[in-house]
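The whole structure should be built from the sequences, with the hints applied where relevant.
Each chain is listed here by its residues.
There are 2 protein chains.
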Amino acid sequence: MKSWLNISADSDFSIANIPFGVFKSDRLAARVGCAIGDQVIDLKVLHVLGYLENLPFELSDLESPSLNAIIARGKGPCRELRLRVQKLLRSDVPDLQRKEHHVAQALIPQAEVTMCMPVEIGDYTDFYSSEQHARNVGMMFRDPDNALLPNWKHMPVAYHGRASSVVVSGTPVRRPSGQLKPDPEKPPVFGKSRLLDFELEMGFITHPGKPLGEAITTAQAEEFIFGLVLFNDWSARDIQKWEYVPLGPFLGKNFASSVSPWVVTLDALDDLRVAGPVQEPAVLPYLEYEGHGHYNVGLEVDIVTPDGVATTISRSNFRHMYWNMKQQLAHHTVNGCNIRGGDLLASGTISGETPESYGSMLELSWRGTKEVKLADGSLRKFIADGDTVVMRGHGMTAAGDRIGFGSVSGTVTCD
Amino acid sequence: MKSWLNISADSDFSIANIPFGVFKSDRLAARVGCAIGDQVIDLKVLHVLGYLENLPFELSDLESPSLNAIIARGKGPCRELRLRVQKLLRSDVPDLQRKEHHVAQALIPQAEVTMCMPVEIGDYTDFYSSEQHARNVGMMFRDPDNALLPNWKHMPVAYHGRASSVVVSGTPVRRPSGQLKPDPEKPPVFGKSRLLDFELEMGFITHPGKPLGEAITTAQAEEFIFGLVLFNDWSARDIQKWEYVPLGPFLGKNFASSVSPWVVTLDALDDLRVAGPVQEPAVLPYLEYEGHGHYNVGLEVDIVTPDGVATTISRSNFRHMYWNMKQQLAHHTVNGCNIRGGDLLASGTISGETPESYGSMLELSWRGTKEVKLADGSLRKFIADGDTVVMRGHGMTAAGDRIGFGSVSGTVTCD
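First to last, the protein sequences are chains E and B. In terms of my numbering, the first sequence has 21 at position 21, counting the first letter as 1, and numbering is strictly consecutive. In terms of my numbering, the second sequence has 64 at position 64, counting the first letter as 1, and numbering is strictly consecutive.
In short, the hints are calculated from the structure, not lab data. A hint or two may mislead.
Where chains are identical, the list cannot tell them apart; a pair therefore holds if satisfied intra-copy or between any two copies.
Stated by the list, open to error - Taking lysine-lysine pairs in the DSSO-like style, the calculated list, with each CA pair at most 27 Å apart, reads:
hint	residue 1	residue 2
1	LYS181	LYS153
2	LYS186	LYS153
3	LYS192	LYS210
4	LYS241	LYS153
This one's a predicted model, so the numbers in the text were calculated from it and none came from an experiment.
Quick look at the structure:
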């Protein structure tokens, strides 16, 4: 598929992608758009100009400051909307490309807009679904010979996170304060976290689910998944360590989590499907699934120092999941828990088998026992004030189309 | 303070109370009201008739199907609104009482309305702040000689819960299914929870807080608390037990939590303040507080069997908290975590020192080792299908006014 727009081969936003986001500019109030190459296409303008006729969307859905309204319409309508936008951008479709004055209204360089938080998140859940990450944590903090806890291979373990502090890429992240216990023999002290970390994750956004009390099966799960984002689940390891037994992570996590602004639809990722790992022991029937539920999306993490030197410190892949999204959603709802449109379900840290693919400083520095060297010669065990953490991700289809997520970044501030 | 309305001495909704809720009826769409005796006063009608003049509320705030719009106006305006309603109901104020046709429009018997979910909850957090409850759980599941975990007396331990499945009193609660591990030597099995429990809690609803990154101090905390509800944090003990290490409770909790429909303002509880326990070891400075932050609110739990026989199985009190709401809110935000208007922060199970005051079947049956006898002679270790769990709470002011919460109830269904 080719577009009449000039799209760089290394753009994440090929015509095969068409992700959704919310943008604004000096002259435009926040509204819904799609990314194409280095441009944004304004869906409000497309609606006004009549290009979205016969689709089940109101103008108000598209001049909304979040994607929730379009997500609430459900999978089918969102699929039609994406296909319509994609069609309008195809080189063999003259409708929009021949109308210069419409093109001028509908397309805006990404450099001229500000991306907003794409979704008003209802509930945010964080899974713990990468086996190597769970093994690494278990080896460091528990028993190296029994790194995985007994339940880990039976269910996609998860906990509830905080929705209010999920922020869009570019939002500064303040180093959190809290209770620390640097000396195990002494009482806790209050202070700034010294062990600030990122977690390389992906998250998916849901369509409205079933009523409370009804489960979603693995076979139905994809009908309730709108799309995916890159997700940095910032973590303060020292706060987390002292607080988390017995009820799980709380203040060590809820000071901020960052999402990428473009939501890549599950449809767009269809050509990136790959088989998941053999699951042994066999899972319970409600976690069995058909087809491929894993995705070959390469992921990278950079640390950029205050003077702008970038170092790629991790190269991982979304395929390094033990539990896939179908299983996560089936597990989350098997007790009747309801999901709403705009809920966020994140993967947990995605670590591969090799040390270069670990998805957190905790693992890369092996609990601070070794240092990660940056391109400017400086060393890191955890994230320093002024550092910017940037995550990127993309996959290539068999047809050679690049399907990418752009990036999620956040700079750590301290005062 | 006396009302011109005839209010029974055993009504939770004396003129000193004036809680807020959302109600609807066959002829009225959901809107905001206050409870007074056995009546609801319709705030939309009061606004239309001009009784709320010079208050900073729009008609749309009051014809809204949730309290979020009024809560978003902040503490001061909500305080003025409650005082205005209270004044209109006072026997020495003729304005409303003399206008029979206005009274007929504004007052509706509670028996004729349906109460709705009062608040659209943003994030829900559950604390673990009753010492006796934490001790009981520690004694049962960990070490009787070290029942409290090391962090417990240093911080109000908490975890994030699920907002989507918080339901209003009267909503049936379906017995959840999930992974159970009845035989520790064998793999988990899938099935209906056999150990379904309630947790007697209270929850508070917040006004919009500070921006992300800024903490709320204990001295500021009450300015961000709108009011309180009774809260039943339904729990499936067998699901919880197998899933909760290391990331905390998840499917064992998120199938349902029930709230009472009337939100009693913090202002209304002012005369019920009592001193809290001496906190030893001393807390860190950010958790120190001035004045009394505990409340003398008697709490009761009934089990009502399918044939309507009620047995009060627990008598507890909200004063049995180690950590109070000021401390909870200061702790929650000390890392910069933001709160929004309509967030729910619950106390955790409220258990007193005597066995009759324990706030869950887990404790009342001491992990199923003894049976609780009901008035019809039947026995319970946990909650049976068809049982209704009813929680009530009220306190008495020095002036003899009753400030109560009404009730929260839920019937367990199974299919």
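Alpha-carbon proximity context of LYS192 and LYS210, limit 27 Å: between (42 Å within a copy, 19 Å between copies)
27 Å Cα cut-off: does LYS186 pair with LYS153 within a copy, between copies, both or neither? Between copies only: 14 Å across, 37 Å inside.
Within, between, both or neither, where LYS241 and LYS153 count as close if Cα-Cα is 27 Å or less: Close inside one copy (23 Å) and across copies (16 Å); limit 27 Å.
From the Cα coordinates, with 27 Å as the cut-off, is the pair LYS181 and LYS153 best called within, between, both, or neither? between (32 Å within a copy, 14 Å between copies)
In terms of the numbered hints stated before, the structure departs from none.
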